[in-house]
Amino acid sequence: MVRPGKEAPMTSNPEALRSPGTTGARRDHRFRDGVDALGFPLIPLTLRKSRRIVTMRKADNSIREERAGPPRPALICAAKPDVSPVANGGSFMSRVRGTFVSSLDHGPSRAGRAGGGLLALALTAGLWLGGTAQAQETQIIYPGSMAVTGFSGTIIPNFDEGLPPSVDPVDETFIDTTRATLRVFDVSHLGGPAAGQLVFTPPPFEVTAGQIGQVFGVTYDDGVRDGIPSGIPNLYAGATSLHGIRIVTPDADNDGRPERQRRGTSGAAFMDGQFGTENGGGPGTIWKIDGITGQVSKFADIDTNSGPGIGNLTFDATHRQFFASDLDTGLMHRIDANGELIDSFDHGVAGRPAHGLAPVADDGAVMDIHGAAFDSEDPDSWGYTQDERRVWAVSYHGGRVYYSVGEKSEIWSVGIARDGTFAGDPRWELTVKADKDYAVTDIAFDNSGFMYLAQRGPVENRYDYSQFADSGKGEVIRYWRENPDDPATESVWVEVPQEYAVGFPQGNRQSAGGLDLQYGYDAEGNLDTSVCTQTLVNTGDKLRDNPALAEQLAAGGPLAVHGVQITPRELVKPANVPPFGSWFVDFDGYFEDPEVEGHVGDVAVWRPCEGRAGYYEEIPGGYLPPFYPPDFPPPGNRPPCLDVEDIRYFCTPSGLEADLYLHDHAGFGGDSIKAQSRTPGVGVTTPQSHAPGKPYTIGITGHYPGDTVDVGLCFYRKSDKDKGGYYPCCKMTLPLRTPAVSCER
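Under the numbering used here, the first residue of the sequence shown is numbered 8, with each subsequent residue one higher.
Derived from the structure by calculation, the hints contain no laboratory data. Some clues are possibly wrong.
[To be verified] Derived DEER-like restraints, expressed as beta-carbon distance ranges:
1. ALA361 with ARG685: 38 to 48 Å
2. SER537 with HIS670: 15 to 25 Å
3. SER237 with GLY263: 40 to 50 Å
4. ASP529 with ARG270: 46 to 56 Å
5. PHE675 with ASP714: 25 to 35 Å
[Unchecked claim] Cross-link-like lysine to any residue pairs, in silico, SDA-like; alpha carbons within 20 Å at most:
6. LYS580 with GLU604
7. LYS305 with ARG327
8. LYS415 with LYS443
9. LYS480 with GLY427
10. LYS580 with VAL501
These numbers were taken from a predicted model, which means no experiment stands behind them. All residues carry an ideal CB built from backbone N, CA and C; glycine is no exception.
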């Protein structure tokens with residue numbers, strides 16, 4: 008649907024900046040002389056000498072660990088987590104499992120930093136290793152549930168049998184298929200005011216790499232089951248190459264492990280845990296996780312994707328369909344609620360000309376892991392489509408799909424017609440202004456008209472699994488529409504966005520490429536579902552790692568945090584620098600890998616907002632059969648000269664708007680409308696007229712949600728009006744049943 012191009016009144020400073028409160032994290036004085044203030048004695052655990060933790064499988068198929076290094080204190084009460092598995096697909100995370108193998112050729116590295124490191128580790132054990140996991144009996148997703156994707160970690164199979172002295176352990180290191188690549192967190196209680204601290208969360212629901220492989224983009228549906236709203240959505244995740252590509256050939260040295268390969272070769276296959284091949288998955292697979300049972304199933308498969316994977320996903324609740332970007336071909340695929348591919352939109356061919364750019368067709372490059380040209384450490388050999396047509400993020404909003412293109416990221420949108428098809432009206436929105444030309448891999452909108460964008464650094468793939476993206480320079484920014492529109496600027500959006508401080512390292516630009524909006528939180532960090540989009544959540548690397556601030560940060564937990572930052576949305580720079588006004592959640596619960604990059608992916612929040620609608624959001628409404636007013640009877644009992652085919656309602660910064668889809672049933676030949684309210688106290692305006700075939704937009708003010716508003720229409724020919732004097736006009740009254748939800752300001 009085509010929405011008005013120059014709307015969304017906003018000021019140059021649309022939100023007042025709130026102080027983040029304390030300028031530094033509070034000290035934690037609970038640990039004294041080896042005894043916690045609550046009376047729990049401390050016991051020694053061990054840290055590894057290097058960042059390698061090798062998980063070993065015993066004969067009974069349980070897991071034990073090999074760790075080495077100096078002792079650290081921990082709370083006895085936290086030493087025995089009781090973890091209950093969830094049947095039908097997912098599991099809950101044990102917080103004492105090992106993490107991934109990382110850069111082995113750098114020699115020993117410390118798990119903590121000097122100064123407050125010991126205190127941080129003690130606090131870690133007490134707050135983040137402890138607790139009893141409770142199995143969910145009814146559902147895994149609740150309002151505010153936060154789904155996060157990330158790399159699942161690594162393992163050396165059969166390590167207890169030893170490795171020959173001449174063997175590089177990295178060559179024998181594989182994806183750990185037993186660990187999670189997607190976790191669903193309960194972040195309803197953050198434990199207190201934001202002070203830059205790592206927060207405790209109950210053990211999350213997990214989906215493992217063995218089930219779905221590595222995934223990045225995530226989205227929820229609307230929870231409609233068998234045509235009935237359930238209030239519990241399902242979760243969807245798309246296969247990815249953003250957490251690296253790894254290939255193997257069959258075992259050649261009889262050690263029970265396949266042979267890792269850096270370059271393409273005959274007989275190569277994707278490593279187990281790369282794309283969920285055990286469950287029939289591939290690089291074009293979209294997985295479905297049932298929000299009630301946790302059962303995992305293959306939802307859709309773009310079988311033409313050779314390896315680059317899915318950029319991101321979005322759900323269109325109006326038409327109950329999905330859109331997925333394809334990094335192999337550059338196409339945006341439309342997928343129905345049953346997982347069937349319906350059709351596709353080709354930005355390179357159909358989108359670029361709308362902004363005066365030459366069309367660019369896909370070059371046909373594919374990922375060929377059997378050919379010598381494939382290099383696992385060179386993403387340019389992976390078969391990505393050309394940068395000019397490479398669609399990354401997708402987000403359905405206000406009757407359009409917004410999407411990002413290329414490394415020097417452009418934001419575009421294309422309308423979705425009444426029948427759910429692509430409307431064929433691609434529109435350039437803006438070219439991102441940031442310090443680095445990094446891809447925007449996620450887009451989100453709040454209910455105040457802001458558009459939020461998250462950058463992710465260029466794709467990398469170190470053979471030792473340490474780095475999947477060039478992190479440390481990615482920004483999280485937001486735009487809003489100009490008001491009034493500045494005719495001197497090309498875009499309807501402001502030229503310079505606002506930026507958020509992401510993470511504590513110098514520059515505060517640790518974005519890992521995922522973001523979403525969350526409900527609000529009260530002063531004690533408790534979720535407030537009465538406020539719909541008050542909080543920004545975004546993924547990031549090394550979020551609490553800054554040696555200059557180590558002493559302040561130590562009281563708030565470990566420094567090596569790769570996960571999610573939670574920030575009140577009004578805290579744009581220069582507020583919240585450094586981000587002591589935020590909370591932090593770690594993806595996998597291990598804090599001994601400060602040097603890895605790109606191991607965290609996307610984030611999505613289940614945020615139903617009953618009774619409220621956001622700006623530029625389509626909302627349900629209806630209309631009664633149109634009739635003639637008493638003072639205008641139809642001559643000869645003929646039917647009305649207009650048929651009303653459809654009416655669609657939107658919230659905008661100006662209030663409620665209705666798009667009227669009218670059919671010139673009598674062949675009157677009109678091309679314009681005038682509208683007046685026939686309901687006392689209610690205002691009706693006609694912001695603009697359209698050519699035939701386009702919707703006629705009217706604004707409605709002064710009504711109560713759910714009211715029926717009578718709108719008088721005059722349907723006429725503009726050429727007749729331009730002659731002056733009286734002109735023919737087809738009149739009718741249209742009774743509109745306004746939506747039962749309000750347009751939240």
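Do the hints match the structure? See the list:
For ALA361 and ARG685, the hinted distance range of 38 to 48 Å is satisfied, since their beta carbons lie about 40 Å from each other. Between SER537 and HIS670 the Cβ separation comes to about 42 Å, which falls outside the hinted range of 15 to 25 Å. Look at SER237 against GLY263: about 46 Å separates their beta carbons, and that is inside 40 to 50 Å. Evaluation of the 46 to 56 Å hint for ASP529 and ARG270 yields a pass: the beta carbon distance comes to about 55 Å.
For PHE675 and ASP714, the hinted distance range of 25 to 35 Å is satisfied, since their beta carbons lie about 30 Å from each other. Among the hinted pairs, LYS580 with GLU604 is inconsistent with the structure: their alpha-carbon atoms are about 24 Å apart, more than 20 Å. The suggested pairing of LYS305 with ARG327 holds, with an alpha-carbon distance near 18 Å, which does not exceed 20 Å. For the given pair, LYS415 sits about 8 Å from LYS443 by alpha-carbon distance, which is consistent with the 20 Å threshold.
Using a Cα cut-off of 20 Å, the hinted pair LYS480 and GLY427 is violated, with the two alpha carbons roughly 38 Å apart. For the suggested pair LYS580 and VAL501, the alpha carbons sit about 16 Å apart, so the restraint of at most 20 Å is met.
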